[in-house]
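Undergrad: Sequence:
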Amino acid sequence: MNPSMAVPIEAAPRILGLGGGARYGLLGLPLAFCALPLYVLMPNLYTRQWGVSLATLGAVLLGARLLDAVIDPLLGRLCDRLYAASLRAVLAMGAVAAAVLATGFSFLFVPLVSGPTALLWWAGFWLVVTYAAYSALSIAHQSWGAMLGGDALYRSRIVAWREGLGLVGVLLASVMPALLGVPAMLALLVAGLAGGWWAWCLAPRPERRHLAAASAAGTTAGALRHPWRNPGFRRLLGVYLLNGIASAIPATLVLFFLQDRLQASEAMQSAALAVYFVCGALSMPLWLRAVKRWGLVHSWRFGMLLSIAVFLGASLLGAGDAPWFLLVCALSGAALGSDLVLPGALLAGVIARAGDRGRAEGAYFGWWNFATKLNLALAAGLALPLLGWLGYVPGVRDANASALLTAAYCLLPCALKALAAGALHFFILSTTAPPHTP
Numbered sequence: 023m024n025p026s027m028a029v030p031i032e033a034a035p036r037i038l039g040l041g042g043g044a045r046y047g048l049l050g051l052p053l054a055f056c057a058l059p060l061y062v063l064m065p066n067l068y069t070r071q072w073g074v075s076l077a078t079l080g081a082v083l084l085g086a087r088l089l090d091a092v093i094d095p096l097l098g099r100l101c102d103r104l105y106a107a108s109l110r111a112v113l114a115m116g117a118v119a120a121a122v123l124a125t126g127f128s129f130l131f132v133p134l135v136s137g138p139t140a141l142l143w144w145a146g147f148w149l150v151v152t153y154a155a156y157s158a159l160s161i162a163h164q165s166w167g168a169m170l171g172g173d174a175l176y177r178s179r180i181v182a183w184r185e186g187l188g189l190v191g192v193l194l195a196s197v198m199p200a201l202l203g204v205p206a207m208l209a210l211l212v213a214g215l216a217g218g219w220w221a222w223c224l225a226p227r228p229e230r231r232h233l234a235a236a237s238a239a240g241t242t243a244g245a246l247r248h249p250w251r252n253p254g255f256r257r258l259l260g261v262y263l264l265n266g267i268a269s270a271i272p273a274t275l276v277l278f279f280l281q282d283r284l285q286a287s288e289a290m291q292s293a294a295l296a297v298y299f300v301c302g303a304l305s306m307p308l309w310l311r312a313v314k315r316w317g318l319v320h321s322w323r324f325g326m327l328l329s330i331a332v333f334l335g336a337s338l339l340g341a342g343d344a345p346w347f348l349l350v351c352a353l354s355g356a357a358l359g360s361d362l363v364l365p366g367a368l369l370a371g372v373i374a375r376a377g378d379r380g381r382a383e384g385a386y387f388g389w390w391n392f393a394t395k396l397n398l399a400l401a402a403g404l405a406l407p408l409l410g411w412l413g414y415v416p417g418v419r420d421a422n423a424s425a426l427l428t429a430a431y432c433l434l435p436c437a438l439k440a441l442a443a444g445a446l447h448f449f450i451l452s453t454t455a456p457p458h459t460p
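Take any residue in the sequence shown, note its place counting from 1, add 22, and you have its number in this note's numbering.
The hints are simulated quantities; they were obtained by calculation from the structure and are not laboratory data.
Here the structure is a predicted model, which is why all the values come from computation and not from measurement.
Incorrect hints may appear among the rest.
[Stated by the list, open to error] Estimated spans, in silico, between C-beta atoms of each pair:
| id | residue 1 | residue 2 | range |
| --- | --- | --- | --- |
| 1 | G340 | G217 | 16 to 26 Å |
| 2 | V122 | C223 | 10 to 20 Å |
| 3 | G41 | P253 | 32 to 42 Å |
| 4 | D343 | W411 | 23 to 33 Å |
| 5 | L433 | L349 | 42 to 52 Å |
| 6 | G342 | H447 | 16 to 26 Å |
| 7 | G413 | P138 | 18 to 28 Å |
| 8 | A107 | A440 | 41 to 51 Å |
| 9 | A341 | A44 | 17 to 27 Å |
| 10 | A425 | S287 | 48 to 58 Å |
| 11 | W411 | T139 | 33 to 43 Å |
Glycine included, every Cβ here is placed at the ideal spot set by N, Cα and C.
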C-alpha cells in the first residue's frame with residue numbers, strides 16, 4: 023500500500039460550513055471568469071475578427087504559456103516563503119496579483135495597437151503578464167485550501183467550493199461578451215477580483231500549528247525540488263497531465279467545432295457553453311456523494327470513462343445536429359465536475375500524507391499549475407498549428423476540413439483519456455487501499 027495515497031490523515035470528520043466554503047471559494051469565480059476568454063474566446067477573436075494567422079497565434083500562445091509554466095514553480099516557492107512570514111503577507115501579495123491580472127486581461131481584449139504583427143507582439147507580452155499574475159494568485163489560493171486539511175470528503179468539499187464557484191464564473195464569461203459586450207465583461211472581472219479577495223480575507227484560516235510548520239520549512243534548501251521526491255505526487259501528476267491534455271484540446275477547439283462542423287447559430291453556441299458549465303457545477307454534489315461511497319480514485323476513473331463515451335458520440339454529429347450537441351455538453355459537463363474536484367483533493371491528500379502539510383503547499387501547487395499550463399500550451403500550441411498545417415482553415419466547411427476537425431476535437435481526446443484512465447488504474451489504483459478509502 024502506498025501511504026501517500028491511502029490512509030486518512032485525520033480520523034475525526036470535519037464540517038465545512040456554507041459561509042466558510044463560500045468565503046474561501048468566491049475568489050475562484052473571477053479566476054475562472056478570466057480563464058475562459060483567455061483559453062477559448064481570445065484565439066477565436068484574434069483569428070476571425072482581427073485577421074491574425076491561426077498557426078502564428080498558436081505559436082505565440084504556446085510560447086507564452088510555456089514561459090508562464092516555467093515560472094509557476096518559482097511562484098510556488100515564493101508563496102511558501104510568504105506563508106512562512108504571515109497570512110497577512112500572502113493576502114497582500116494576492117491584492118497586488120489581482121490588480122495586475124485585471125490590467126493585463128483588459129489590455130488583451132482592448133488592444134491599443136492594430137495590424138496582425140503588432141497584435142501578435144501585444145498579445146505575447148500581455149499574455150505573459152496576465153498569466154504570471156493569474157498563477158501567483160491561484161497558487162496562493164490553492165495552497166490556502168490545502169492547508170485546511172481534513173479527510174478525503176472534506177478536502178473534496180473545499181475544492182468543490184472553489185471550482186463550483188469557478189464554473190459560475192465561466193458561465194458568466196461565456197454569455198457576458200455576447201449579451202453585454204467586452205466593457206461589461208472587464209468591469210465584472212474587476213469587481214469579482216476585488217470581492218473575491220475581500221471574501222478570502224474572511225475565509226477559514228489554516229491552524230497555527232501548520233503555519234508554524236510553514237515557518238520552520240520556509241528556508242529549507244531544495245524546497246523547489248522537494249515535491250518530486252514524493253512518488254505519490256509523481257504518479258498523480260503523470261495521470262493529471264494525460265487527462266489535462268485530453269480536456270484542454272476540446273476546450274480550445276469547441277467554437278470551431280460548433281461553427282464549422284455543426285454550423286450552429288451564435289445563440290446555439292452560447293447555449294452549448296452554458297449547458298456545459300451549468301451541468302459541470304450541478305454535478306459537483308453528485309461527485310461528492312461518489313467520493314463518500316467509492317473514494318477519490320474510483321470516482322475520477324468513472325468520470326474519465328464517461329467523457330470517452332460522450333466524445334465518441336459527438337464524433338457522429340454533423341451539420342444540423344447542434345441540438346443533439348446540447349446533450350453532449352450536458353454529459354461532458356458532468357464529467358468535467360470530476361476533473362475539477364477530484365485531482366485537487368487527491369493532491370491535498372498526497373501533500374498531507376507525505377508530512378508536507380503547512381510546509382510545501384506552494385511548491386506542490388507551483389508544479390501542479392506548471393502541469394496545467396503545459397496541458398493548455400500543448401492543446402493550443404500543437405492542435406491549432408497541426409490543423410492549419412493539415413489544411414484546416416476556420417470558416418471552410420468541406421468534407422476534409424470537417425473530418426480533420428472532428429478527429430482533433432473528438433477522437434484524439436478520447437485516446438488520451440483512455441491512456442489517463444489506464445495510468446490511473448495501474449499507477450495509482452493498484453497501489454492504494456480498497457475502493458472505500460480515498
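Undergrad: Please write out, lowest number first, the hints stated earlier that are contradicted by the structure.
TA: 1, 5, 6, 9, 10 and 11
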